[in-house]
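There are 2 protein chains.
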Amino acid sequence: MNDQLSITFAALADPTRRAILSRLTTGEASVTELAEPFDMSLPAVTKHLKVLQRAGLISQGREAQWRPCKLEAKPMREAAAWMEPYRRHWEQRIDRLDHFLRETAHKGARRLRTRK
Amino acid sequence: MNDQLSITFAALADPTRRAILSRLTTGEASVTELAEPFDMSLPAVTKHLKVLQRAGLISQGREAQWRPCKLEAKPMREAAAWMEPYRRHWEQRIDRLDHFLRETAHKGARRLRTRK
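Each protein sequence line maps, in turn, to chains A and B.
Per my numbering, the first sequence runs over residues 31 to 146.
Per my numbering, the second sequence runs over residues 31 to 146.
It is worth saying that the hints were derived from the structure and are not from the lab.
Beta carbons are placed, not taken as given, at the ideal position from N, Cα and C, and that holds for glycine.
Please note: incorrect hints may appear among the correct ones.
Quick list of the computed label-pair ranges, beta carbon to beta carbon [said to hold, decoys possible]: (1) B:L142 to A:S52: 44 to 50 Å; (2) A:R145 to B:Q90: 42 to 48 Å; (3) B:T56 to A:A74: 41 to 47 Å.
Let the sequences and hints guide you as you build the complete structure.
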């Protein structure tokens, strides 16, 4: 499990880590700020941040005392790109279902007209 | 780690499982067909299929002897939906970069015209 996609998906397979990423979409935040909403010790949160950092999903600034964490787009963009064929797959299925329903409705309407 | 999203992402965090899912976007397949491209024992492949099945990403038919596996769209759709805000986040960043580059090019062109 050393490929980037596997590392990204493994990092996303945790609700706390996903909540941290969600928070970071609104802007940079310090470790203390990120820890605030969780009923968790600072070391526990730091551990999650390390997983996210190793996956390249976030980076931590070196400047200033508060060392802000911020989102890095690349791994998430690659994960989303990997999902694209599935999106097409289910959209096609929805299209086929839509087509089937329209056809059925159309036939039903025709049958009603013939009966009149 | 009992929430559906964590289970989905954990199931996706493996290259063999992702390859199996990719194969299934082209249509249903038996376990033997799915095992074929991998240098893996049938029990090893079956183990991966069980993880995918438990995550709800695939289902296995009960009819016929070959019990075809097929994709189930829902968990992947939910995972993709979870990623949407990040897509918007990086698209906004790209837009800002694009705007900055256009502005810079515009200013550069104006400076050149003033010099003439």
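Which of the listed hints are broken here? none
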